[in-house]
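> Sequence:
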Amino acid sequence: MDSVPVIRVRGVNDAPVNREGNYVLYWMIANRRARWNFALQRAVEWAANLSKPLVILEALRRDYHWASERFDRFVIAGMRDNTRAFEKHRVSYYPYVEKKPGEGRGLLAALADQSCVVVTDEYPCFFLPRMVSVAAGQLPVHLEQVDSTGLLPMRMASRYYPTAFPFRRFLQKALPAHLGAFPQEDPLRHASLPRLVRLPRGIASRWPRLAAGPQEGGEVPRGGAAVARLRLRTFLKKQLAGYEEKRNRPEEDWSSGLSPYLHFGHISAHEIFNGLRRVEKWTLNRLGRDRSGSRTGWWGMSAGAEAFLEQLVTWRELGYNACHFRGDYDQYSSLPDWARETLAQHGKDRRAYLYTPAQFESAVTHDPLWNAAQVQLVREGRIHNYMRMLWGKKILEWSATPPEALDIMIELNNKYALDGRDPNSYSGIFWIFGRYDRAWGPERPVFGKVRYMSSENAARKYPVRQYIERYRP
24 MDSVPVIRVR
34 GVNDAPVNRE
44 GNYVLYWMIA
54 NRRARWNFAL
64 QRAVEWAANL
74 SKPLVILEAL
84 RRDYHWASER
94 FDRFVIAGMR
104 DNTRAFEKHR
114 VSYYPYVEKK
124 PGEGRGLLAA
134 LADQSCVVVT
144 DEYPCFFLPR
154 MVSVAAGQLP
164 VHLEQVDSTG
174 LLPMRMASRY
184 YPTAFPFRRF
194 LQKALPAHLG
204 AFPQEDPLRH
214 ASLPRLVRLP
224 RGIASRWPRL
234 AAGPQEGGEV
244 PRGGAAVARL
254 RLRTFLKKQL
264 AGYEEKRNRP
274 EEDWSSGLSP
284 YLHFGHISAH
294 EIFNGLRRVE
304 KWTLNRLGRD
314 RSGSRTGWWG
324 MSAGAEAFLE
334 QLVTWRELGY
344 NACHFRGDYD
354 QYSSLPDWAR
364 ETLAQHGKDR
374 RAYLYTPAQF
384 ESAVTHDPLW
394 NAAQVQLVRE
404 GRIHNYMRML
414 WGKKILEWSA
424 TPPEALDIMI
434 ELNNKYALDG
444 RDPNSYSGIF
454 WIFGRYDRAW
464 GPERPVFGKV
474 RYMSSENAAR
484 KYPVRQYIER
494 YRP
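Numbered according to the working numbering, the sequence shown spans residues 24 to 496.
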(Lines of atoms letter the chains of each structure in order from A and count residues from 1; the text may use other names and numbers.)
(Lines give C-alpha, C1' and ligand atoms only; values in the text may rest on other atoms or scores of the structure.)
Protein backbone atom coordinates (compact mmCIF):
# COMPACT_ATOMS: atom_id res chain seq x y z
CA MET A 1 0.00 0.00 0.00
CA ASP A 2 2.29 2.76 -1.22
CA SER A 3 0.19 4.88 -3.59
CA VAL A 4 -0.65 7.44 -0.90
CA PRO A 5 2.61 9.24 -0.08
CA VAL A 6 3.98 8.01 3.24
CA ILE A 7 4.51 11.56 4.47
CA ARG A 8 0.75 12.09 4.36
CA VAL A 9 -0.06 9.10 6.62
CA ARG A 10 0.33 9.10 10.40
CA GLY A 11 -0.56 6.41 12.91
CA VAL A 12 -2.41 8.01 15.82
CA ASN A 13 -2.45 5.10 18.29
CA ASP A 14 -0.54 1.89 18.99
CA ALA A 15 -3.50 -0.47 18.66
CA PRO A 16 -3.02 -3.26 16.10
CA VAL A 17 -4.74 -3.83 12.80
CA ASN A 18 -7.45 -6.44 13.36
CA ARG A 19 -7.24 -8.62 10.25
CA GLU A 20 -10.21 -10.65 11.48
CA GLY A 21 -12.48 -7.62 11.51
CA ASN A 22 -15.50 -7.36 9.25
CA TYR A 23 -14.63 -4.20 7.32
CA VAL A 24 -12.36 -1.15 7.00
CA LEU A 25 -13.85 2.03 8.43
CA TYR A 26 -13.24 5.49 6.95
CA TRP A 27 -14.26 8.13 9.50
CA MET A 28 -14.82 11.16 7.25
CA ILE A 29 -14.52 14.33 9.34
CA ALA A 30 -12.85 16.99 7.18
CA ASN A 31 -12.41 15.76 3.61
CA ARG A 32 -16.14 15.37 3.05
CA ARG A 33 -15.94 14.26 -0.56
CA ALA A 34 -15.78 11.18 -2.77
CA ARG A 35 -13.06 12.43 -5.14
CA TRP A 36 -9.49 13.74 -5.00
CA ASN A 37 -9.21 12.52 -1.41
CA PHE A 38 -6.03 10.86 -0.10
CA ALA A 39 -7.81 9.63 3.04
CA LEU A 40 -10.52 7.83 1.08
CA GLN A 41 -7.83 6.46 -1.21
CA ARG A 42 -5.92 5.10 1.79
CA ALA A 43 -9.07 3.46 3.15
CA VAL A 44 -9.72 1.83 -0.24
CA GLU A 45 -6.14 0.51 -0.26
CA TRP A 46 -6.60 -1.02 3.20
CA ALA A 47 -9.88 -2.64 2.14
CA ALA A 48 -8.35 -4.05 -1.04
CA ASN A 49 -5.28 -5.34 0.79
CA LEU A 50 -7.37 -7.06 3.47
CA SER A 51 -10.13 -8.15 1.04
CA LYS A 52 -12.72 -6.48 3.26
CA PRO A 53 -15.73 -4.24 2.62
CA LEU A 54 -15.40 -0.48 3.13
CA VAL A 55 -17.70 1.45 5.47
CA ILE A 56 -17.67 5.26 5.30
CA LEU A 57 -19.03 7.15 8.30
CA GLU A 58 -19.79 10.85 7.83
CA ALA A 59 -21.37 12.31 10.95
CA LEU A 60 -22.51 15.80 11.89
CA ARG A 61 -22.28 16.79 15.53
CA ARG A 62 -24.49 19.45 17.09
CA ASP A 63 -22.46 20.11 20.25
CA TYR A 64 -19.50 22.09 18.90
CA HIS A 65 -19.02 25.81 19.53
CA TRP A 66 -20.83 27.98 16.96
CA ALA A 67 -22.93 25.09 15.65
CA SER A 68 -25.91 26.47 13.73
CA GLU A 69 -28.54 25.60 11.15
CA ARG A 70 -26.52 27.57 8.60
CA PHE A 71 -23.54 25.23 8.88
CA ASP A 72 -25.75 22.15 9.28
CA ARG A 73 -27.52 22.84 5.97
CA PHE A 74 -24.20 23.29 4.20
CA VAL A 75 -22.82 19.98 5.52
CA ILE A 76 -26.05 18.07 4.93
CA ALA A 77 -26.13 19.22 1.30
CA GLY A 78 -22.67 17.70 0.97
CA MET A 79 -23.92 14.47 2.53
CA ARG A 80 -26.67 14.22 -0.06
CA ASP A 81 -24.11 14.68 -2.84
CA ASN A 82 -21.94 12.01 -1.24
CA THR A 83 -24.90 9.63 -1.03
CA ARG A 84 -25.36 9.90 -4.79
CA ALA A 85 -21.64 9.52 -5.43
CA PHE A 86 -21.12 6.47 -3.20
CA GLU A 87 -24.24 4.58 -4.23
CA LYS A 88 -22.54 3.91 -7.56
CA HIS A 89 -19.84 1.87 -5.82
CA ARG A 90 -19.54 -1.23 -3.65
CA VAL A 91 -19.15 0.64 -0.36
CA SER A 92 -21.43 1.26 2.62
CA TYR A 93 -21.82 5.01 3.14
CA TYR A 94 -23.41 5.95 6.46
CA PRO A 95 -24.40 9.63 6.84
CA TYR A 96 -25.54 10.47 10.35
CA VAL A 97 -26.85 13.79 11.72
CA GLU A 98 -27.50 14.34 15.41
CA LYS A 99 -30.99 15.60 16.16
CA LYS A 100 -29.87 16.74 19.60
CA PRO A 101 -26.35 17.50 20.88
CA GLY A 102 -24.64 14.38 22.12
CA GLU A 103 -26.95 11.81 20.52
CA GLY A 104 -24.15 10.54 18.30
CA ARG A 105 -21.90 9.49 21.17
CA GLY A 106 -20.92 5.88 20.85
CA LEU A 107 -21.50 5.55 17.09
CA LEU A 108 -17.81 5.65 16.12
CA ALA A 109 -16.91 3.15 18.84
CA ALA A 110 -19.71 0.81 17.82
CA LEU A 111 -18.57 0.80 14.20
CA ALA A 112 -14.87 0.59 15.08
CA ASP A 113 -15.46 -2.40 17.36
CA GLN A 114 -15.95 -4.72 14.37
CA SER A 115 -13.51 -2.99 12.02
CA CYS A 116 -10.01 -3.99 10.91
CA VAL A 117 -8.58 -0.47 10.89
CA VAL A 118 -9.96 3.08 11.04
CA VAL A 119 -8.77 5.80 8.66
CA THR A 120 -9.63 9.45 9.25
CA ASP A 121 -8.75 12.92 7.98
CA GLU A 122 -5.98 15.12 9.34
CA TYR A 123 -7.14 18.66 10.03
CA PRO A 124 -5.05 20.89 12.34
CA CYS A 125 -7.70 23.35 13.49
CA PHE A 126 -10.77 23.87 15.69
CA PHE A 127 -12.02 20.88 17.77
CA LEU A 128 -11.00 18.16 15.30
CA PRO A 129 -7.45 17.49 16.63
CA ARG A 130 -8.83 17.01 20.17
CA MET A 131 -11.63 14.78 18.89
CA VAL A 132 -9.21 12.52 17.02
CA SER A 133 -6.82 12.40 19.98
CA VAL A 134 -9.61 11.26 22.31
CA ALA A 135 -10.77 8.65 19.81
CA ALA A 136 -7.23 7.33 19.41
CA GLY A 137 -7.09 6.45 23.09
CA GLN A 138 -10.44 4.67 23.04
CA LEU A 139 -10.57 2.71 19.78
CA PRO A 140 -9.61 -0.97 19.93
CA VAL A 141 -7.99 -0.97 16.48
CA HIS A 142 -5.31 0.99 14.65
CA LEU A 143 -6.26 4.58 13.77
CA GLU A 144 -4.55 6.44 10.92
CA GLN A 145 -4.80 10.09 9.95
CA VAL A 146 -4.27 11.10 6.34
CA ASP A 147 -3.33 14.60 5.21
CA SER A 148 -5.30 15.62 2.12
CA THR A 149 -5.46 19.32 2.94
CA GLY A 150 -3.17 20.93 0.39
CA LEU A 151 -0.76 20.49 -2.49
CA LEU A 152 2.16 20.27 -0.06
CA PRO A 153 2.01 17.76 2.81
CA MET A 154 1.91 19.66 6.11
CA ARG A 155 4.82 17.61 7.48
CA MET A 156 7.11 18.67 4.63
CA ALA A 157 7.79 21.85 6.60
CA SER A 158 9.96 21.39 9.66
CA ARG A 159 8.98 24.63 11.39
CA TYR A 160 6.47 27.45 11.68
CA TYR A 161 6.87 30.24 9.13
CA PRO A 162 6.13 33.73 10.55
CA THR A 163 5.76 35.50 7.17
CA ALA A 164 4.73 34.62 3.63
CA PHE A 165 8.04 35.35 1.90
CA PRO A 166 10.20 32.60 3.47
CA PHE A 167 7.28 30.17 3.25
CA ARG A 168 6.85 30.95 -0.45
CA ARG A 169 10.57 30.39 -0.99
CA PHE A 170 10.27 27.04 0.82
CA LEU A 171 7.24 26.12 -1.31
CA GLN A 172 9.08 26.87 -4.51
CA LYS A 173 11.84 24.48 -3.53
CA ALA A 174 9.71 21.70 -1.99
CA LEU A 175 6.47 21.72 -3.98
CA PRO A 176 7.61 20.55 -7.45
CA ALA A 177 8.25 17.02 -6.16
CA HIS A 178 4.62 16.81 -4.99
CA LEU A 179 2.91 18.22 -8.06
CA GLY A 180 3.14 14.80 -9.65
CA ALA A 181 1.76 12.97 -6.60
CA PHE A 182 -1.92 13.88 -6.64
CA PRO A 183 -4.70 11.79 -5.13
CA GLN A 184 -6.71 9.66 -7.52
CA GLU A 185 -9.63 11.53 -9.05
CA ASP A 186 -12.01 8.68 -8.13
CA PRO A 187 -10.37 6.16 -5.77
CA LEU A 188 -13.35 3.81 -6.05
CA ARG A 189 -13.56 3.70 -9.85
CA HIS A 190 -11.51 0.56 -10.30
CA ALA A 191 -11.77 -0.83 -6.76
CA SER A 192 -13.07 -4.38 -6.52
CA LEU A 193 -14.24 -4.69 -2.94
CA PRO A 194 -16.58 -7.17 -1.30
CA ARG A 195 -19.96 -5.74 -0.37
CA LEU A 196 -20.92 -5.50 3.31
CA VAL A 197 -23.85 -7.77 4.16
CA ARG A 198 -25.04 -5.70 7.11
CA LEU A 199 -23.84 -3.22 9.70
CA PRO A 200 -23.42 -4.31 13.34
CA ARG A 201 -26.69 -5.00 15.12
CA GLY A 202 -28.38 -1.96 16.62
CA ILE A 203 -26.54 0.72 14.64
CA ALA A 204 -29.41 1.75 12.38
CA SER A 205 -32.01 1.76 15.17
CA ARG A 206 -29.97 3.77 17.67
CA TRP A 207 -28.30 6.13 15.17
CA PRO A 208 -30.62 6.31 12.15
CA ARG A 209 -29.15 7.17 8.79
CA LEU A 210 -29.82 10.64 7.32
CA ALA A 211 -33.06 10.48 5.36
CA ALA A 212 -33.43 11.79 1.84
CA GLY A 213 -35.15 15.14 1.52
CA PRO A 214 -35.33 18.43 -0.42
CA GLN A 215 -32.70 21.14 -0.09
CA GLU A 216 -33.61 24.34 1.70
CA GLY A 217 -33.08 27.68 -0.01
CA GLY A 218 -31.88 31.02 1.34
CA GLU A 219 -29.22 33.60 0.60
CA VAL A 220 -26.42 31.50 2.08
CA PRO A 221 -24.85 29.33 -0.66
CA ARG A 222 -25.73 25.66 -0.86
CA GLY A 223 -23.03 23.19 0.12
CA GLY A 224 -21.85 20.04 -1.59
CA ALA A 225 -19.42 18.83 -4.21
CA ALA A 226 -21.80 19.48 -7.13
CA VAL A 227 -22.11 23.20 -6.39
CA ALA A 228 -18.38 23.42 -5.64
CA ARG A 229 -17.48 22.01 -9.05
CA LEU A 230 -19.97 24.30 -10.77
CA ARG A 231 -18.40 27.29 -9.02
CA LEU A 232 -14.95 26.13 -10.07
CA ARG A 233 -15.98 25.78 -13.72
CA THR A 234 -17.67 29.19 -13.68
CA PHE A 235 -14.67 30.87 -12.10
CA LEU A 236 -12.18 29.35 -14.51
CA LYS A 237 -14.32 30.22 -17.53
CA LYS A 238 -15.55 33.71 -16.63
CA GLN A 239 -13.46 35.23 -13.85
CA LEU A 240 -9.91 33.88 -13.91
CA ALA A 241 -8.73 36.31 -16.58
CA GLY A 242 -9.70 39.37 -14.51
CA TYR A 243 -8.93 37.94 -11.07
CA GLU A 244 -5.69 39.83 -10.45
CA GLU A 245 -7.24 43.21 -11.21
CA LYS A 246 -10.80 42.85 -9.91
CA ARG A 247 -10.68 40.62 -6.81
CA ASN A 248 -10.24 43.58 -4.41
CA ARG A 249 -13.00 45.78 -5.82
CA PRO A 250 -16.01 45.80 -3.47
CA GLU A 251 -18.46 46.59 -6.28
CA GLU A 252 -17.28 43.50 -8.15
CA ASP A 253 -18.02 39.97 -6.93
CA TRP A 254 -14.89 38.52 -8.50
CA SER A 255 -13.76 35.95 -5.95
CA SER A 256 -13.90 32.26 -6.73
CA GLY A 257 -16.42 31.57 -3.96
CA LEU A 258 -14.61 28.30 -3.22
CA SER A 259 -13.45 29.03 0.31
CA PRO A 260 -16.48 27.48 2.13
CA TYR A 261 -16.22 24.35 -0.01
CA LEU A 262 -12.54 24.01 0.77
CA HIS A 263 -13.26 24.51 4.47
CA PHE A 264 -15.91 21.77 4.62
CA GLY A 265 -13.90 19.50 2.34
CA HIS A 266 -16.46 19.43 -0.49
CA ILE A 267 -13.70 20.21 -2.96
CA SER A 268 -9.93 19.79 -2.70
CA ALA A 269 -7.04 22.06 -3.58
CA HIS A 270 -5.84 19.26 -5.86
CA GLU A 271 -9.05 19.27 -7.90
CA ILE A 272 -8.98 23.07 -8.16
CA PHE A 273 -5.36 23.03 -9.29
CA ASN A 274 -6.11 20.29 -11.79
CA GLY A 275 -8.89 22.39 -13.33
CA LEU A 276 -6.63 25.43 -13.42
CA ARG A 277 -3.76 23.66 -15.12
CA ARG A 278 -6.12 22.28 -17.78
CA VAL A 279 -7.41 25.77 -18.58
CA GLU A 280 -3.87 27.14 -18.64
CA LYS A 281 -2.59 24.13 -20.62
CA TRP A 282 0.14 24.03 -18.00
CA THR A 283 2.87 21.43 -17.54
CA LEU A 284 5.59 21.03 -14.91
CA ASN A 285 8.31 22.23 -17.24
CA ARG A 286 6.83 25.74 -17.11
CA LEU A 287 7.83 26.18 -13.46
CA GLY A 288 10.43 28.92 -13.03
CA ARG A 289 13.98 28.06 -12.06
CA ASP A 290 14.29 31.10 -9.81
CA ARG A 291 13.10 29.89 -6.40
CA SER A 292 13.88 33.00 -4.42
CA GLY A 293 10.30 33.53 -3.19
CA SER A 294 8.99 35.89 -5.87
CA ARG A 295 5.22 36.37 -5.84
CA THR A 296 4.88 36.35 -9.61
CA GLY A 297 6.39 34.44 -12.49
CA TRP A 298 7.35 31.19 -10.75
CA TRP A 299 4.30 29.20 -11.82
CA GLY A 300 4.63 30.12 -15.48
CA MET A 301 0.91 30.84 -15.77
CA SER A 302 -1.22 33.87 -16.65
CA ALA A 303 -1.38 36.84 -14.25
CA GLY A 304 -4.88 35.86 -13.07
CA ALA A 305 -3.85 32.26 -12.43
CA GLU A 306 -0.73 33.27 -10.51
CA ALA A 307 -2.71 35.70 -8.34
CA PHE A 308 -5.23 32.94 -7.61
CA LEU A 309 -2.50 30.42 -6.76
CA GLU A 310 -0.99 32.93 -4.34
CA GLN A 311 -4.25 32.64 -2.39
CA LEU A 312 -4.94 28.92 -2.92
CA VAL A 313 -1.42 27.68 -2.24
CA THR A 314 0.83 30.25 -0.53
CA TRP A 315 -1.60 31.91 1.85
CA ARG A 316 -3.89 28.94 2.44
CA GLU A 317 -1.07 26.53 3.21
CA LEU A 318 0.72 29.15 5.31
CA GLY A 319 -2.36 29.14 7.54
CA TYR A 320 -2.26 25.35 7.80
CA ASN A 321 1.43 25.60 8.69
CA ALA A 322 0.57 27.85 11.66
CA CYS A 323 -2.16 25.55 12.96
CA HIS A 324 0.03 22.47 12.47
CA PHE A 325 2.98 23.84 14.44
CA ARG A 326 1.36 26.25 16.93
CA GLY A 327 -1.16 25.14 19.48
CA ASP A 328 -1.80 28.83 20.26
CA TYR A 329 -2.71 29.76 16.67
CA ASP A 330 -5.98 31.31 17.91
CA GLN A 331 -4.52 33.16 20.92
CA TYR A 332 -3.47 36.82 21.19
CA SER A 333 -0.13 35.66 22.60
CA SER A 334 0.74 34.11 19.21
CA LEU A 335 1.17 37.54 17.60
CA PRO A 336 4.74 38.60 16.78
CA ASP A 337 6.57 40.49 19.53
CA TRP A 338 6.70 43.77 17.62
CA ALA A 339 2.92 43.75 17.10
CA ARG A 340 2.07 43.04 20.74
CA GLU A 341 4.57 45.68 21.89
CA THR A 342 3.26 48.45 19.65
CA LEU A 343 -0.39 47.64 20.38
CA ALA A 344 0.37 47.64 24.12
CA GLN A 345 2.07 51.04 23.83
CA HIS A 346 -1.12 52.43 22.30
CA GLY A 347 -3.56 50.42 24.39
CA LYS A 348 -4.77 53.49 26.29
CA ASP A 349 -5.08 55.76 23.27
CA ARG A 350 -8.40 57.52 22.92
CA ARG A 351 -10.79 55.77 20.53
CA ALA A 352 -12.95 58.10 18.44
CA TYR A 353 -15.71 55.47 18.62
CA LEU A 354 -16.30 52.53 20.94
CA TYR A 355 -18.86 49.84 20.17
CA THR A 356 -20.08 46.86 22.12
CA PRO A 357 -20.02 43.33 20.66
CA ALA A 358 -23.81 43.54 20.23
CA GLN A 359 -23.53 46.80 18.28
CA PHE A 360 -20.92 45.30 15.98
CA GLU A 361 -23.04 42.23 15.42
CA SER A 362 -26.12 44.33 14.61
CA ALA A 363 -24.19 46.57 12.16
CA VAL A 364 -25.16 49.84 13.86
CA THR A 365 -21.86 51.74 13.70
CA HIS A 366 -21.50 55.25 12.28
CA ASP A 367 -19.74 53.87 9.17
CA PRO A 368 -22.09 52.70 6.36
CA LEU A 369 -19.29 50.85 4.56
CA TRP A 370 -18.38 48.82 7.64
CA ASN A 371 -22.07 48.15 8.31
CA ALA A 372 -22.45 46.82 4.78
CA ALA A 373 -19.61 44.35 5.31
CA GLN A 374 -21.17 43.08 8.54
CA VAL A 375 -24.58 42.75 6.87
CA GLN A 376 -23.01 40.70 4.07
CA LEU A 377 -21.40 38.43 6.65
CA VAL A 378 -24.68 37.82 8.48
CA ARG A 379 -26.80 37.56 5.35
CA GLU A 380 -24.57 35.50 3.08
CA GLY A 381 -21.99 33.90 5.37
CA ARG A 382 -19.09 35.71 3.70
CA ILE A 383 -17.42 39.11 3.29
CA HIS A 384 -15.86 40.47 0.12
CA ASN A 385 -12.07 39.90 0.04
CA TYR A 386 -10.99 43.52 0.50
CA MET A 387 -13.85 44.39 2.84
CA ARG A 388 -12.92 41.55 5.18
CA MET A 389 -9.59 43.27 5.87
CA LEU A 390 -11.24 46.67 6.40
CA TRP A 391 -13.91 45.05 8.59
CA GLY A 392 -11.23 43.72 10.92
CA LYS A 393 -9.16 46.91 11.04
CA LYS A 394 -12.17 48.93 12.11
CA ILE A 395 -13.07 46.47 14.88
CA LEU A 396 -9.52 46.90 16.18
CA GLU A 397 -9.88 50.69 16.03
CA TRP A 398 -13.32 50.82 17.70
CA SER A 399 -12.77 48.32 20.54
CA ALA A 400 -11.55 49.14 24.04
CA THR A 401 -8.46 46.90 23.79
CA PRO A 402 -6.78 44.79 21.07
CA PRO A 403 -7.52 41.48 22.89
CA GLU A 404 -11.18 42.48 23.11
CA ALA A 405 -11.16 43.28 19.39
CA LEU A 406 -9.70 39.85 18.66
CA ASP A 407 -12.42 38.13 20.69
CA ILE A 408 -15.13 40.08 18.83
CA MET A 409 -13.65 39.23 15.43
CA ILE A 410 -13.32 35.52 16.19
CA GLU A 411 -16.86 35.38 17.57
CA LEU A 412 -18.49 37.15 14.61
CA ASN A 413 -16.45 35.36 11.97
CA ASN A 414 -16.84 31.89 13.45
CA LYS A 415 -20.54 32.40 14.17
CA TYR A 416 -21.52 33.58 10.69
CA ALA A 417 -18.82 32.85 8.09
CA LEU A 418 -19.19 29.60 6.17
CA ASP A 419 -15.39 29.47 5.94
CA GLY A 420 -14.87 30.37 9.61
CA ARG A 421 -13.17 28.06 12.15
CA ASP A 422 -10.52 27.40 9.50
CA PRO A 423 -6.73 27.89 9.32
CA ASN A 424 -7.17 30.35 6.45
CA SER A 425 -9.81 32.21 8.42
CA TYR A 426 -7.56 32.59 11.47
CA SER A 427 -4.77 33.84 9.20
CA GLY A 428 -7.02 36.63 7.97
CA ILE A 429 -8.12 37.62 11.47
CA PHE A 430 -4.63 37.64 12.96
CA TRP A 431 -3.21 39.51 9.96
CA ILE A 432 -5.32 42.45 11.18
CA PHE A 433 -3.08 42.54 14.28
CA GLY A 434 0.26 42.03 12.51
CA ARG A 435 0.69 38.29 11.94
CA TYR A 436 2.53 37.68 8.64
CA ASP A 437 3.03 41.44 8.33
CA ARG A 438 5.75 43.96 9.25
CA ALA A 439 5.86 47.24 11.16
CA TRP A 440 4.51 50.20 9.19
CA GLY A 441 4.95 53.96 9.49
CA PRO A 442 3.89 56.51 10.35
CA GLU A 443 3.01 55.34 13.85
CA ARG A 444 -0.68 56.02 14.49
CA PRO A 445 -2.99 56.23 17.50
CA VAL A 446 -4.50 52.87 18.52
CA PHE A 447 -2.70 50.98 15.69
CA GLY A 448 0.86 51.98 16.54
CA LYS A 449 3.01 50.37 13.86
CA VAL A 450 0.35 47.85 12.80
CA ARG A 451 -0.90 48.43 9.24
CA TYR A 452 -3.70 51.00 9.07
CA MET A 453 -6.79 50.95 6.83
CA SER A 454 -9.72 53.35 6.65
CA SER A 455 -13.11 53.49 4.96
CA GLU A 456 -12.19 56.88 3.49
CA ASN A 457 -9.15 55.44 1.73
CA ALA A 458 -11.22 52.51 0.51
CA ALA A 459 -13.81 54.89 -0.98
CA ARG A 460 -11.06 56.85 -2.72
CA LYS A 461 -9.47 53.67 -4.06
CA TYR A 462 -12.60 51.80 -5.15
CA PRO A 463 -16.21 52.64 -5.98
CA VAL A 464 -18.15 51.48 -2.92
CA ARG A 465 -21.57 53.07 -3.34
CA GLN A 466 -23.13 50.02 -4.96
CA TYR A 467 -21.70 47.75 -2.26
CA ILE A 468 -23.16 49.96 0.50
CA GLU A 469 -26.55 50.04 -1.23
CA ARG A 470 -26.59 46.27 -1.81
CA TYR A 471 -25.92 45.48 1.85
CA ARG A 472 -27.80 48.23 3.57
CA PRO A 473 -28.89 47.12 7.09
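Bear in mind the hints are in silico, worked out from the structure with no lab data behind them.
A hint or two may mislead.
To be verified - Below, computed lysine-lysine pairings styled on DSS-like, alpha-carbon distance capped at 25 angstroms:
id: 1; residue 1: K484; residue 2: K122
id: 2; residue 1: K484; residue 2: K438
id: 3; residue 1: K484; residue 2: K123
id: 4; residue 1: K269; residue 2: K484
id: 5; residue 1: K196; residue 2: K261
id: 6; residue 1: K260; residue 2: K196
id: 7; residue 1: K123; residue 2: K196
Said to hold, decoys possible - Distance windows between CB atoms, simulated:
id: 8; residue 1: G370; residue 2: K260; range: 28 to 38 angstroms
id: 9; residue 1: S26; residue 2: W463; range: 43 to 53 angstroms
id: 10; residue 1: A375; residue 2: W89; range: 56 to 66 angstroms
All residues carry an ideal CB built from backbone N, CA and C; glycine is no exception.
> The structure should be examined with respect to each hint, and the outcome stated for every one.
Against the structure, the hints come out as follows:
1. K484 <-> K122: Distance of about 48 angstroms is beyond 25 angstroms: violated.
2. K484 <-> K438: Distance of about 30 angstroms is beyond 25 angstroms: violated.
3. K484 <-> K123: violated (48 angstroms)
4. K269 <-> K484: holds (12 angstroms)
5. K196 <-> K261: The hint is violated at about 32 angstroms.
6. K260 <-> K196: Not satisfied, since the Cα-Cα distance of roughly 30 angstroms exceeds 25 angstroms.
7. K123 <-> K196: Violated, because 48 angstroms separates the two Cα atoms, which is more than 25 angstroms.
8. G370 <-> K260: 28 to 38 angstroms: violated (49 angstroms)
9. S26 <-> W463: 43 to 53 angstroms: The hinted range 43 to 53 angstroms holds for S26 and W463, with Cβ atoms some 48 angstroms apart.
10. A375 <-> W89: 56 to 66 angstroms: violated (31 angstroms)
The structure fails to meet hints 1, 2, 3, 5, 6, 7, 8, 10 from the earlier list, while all remaining hints are met.
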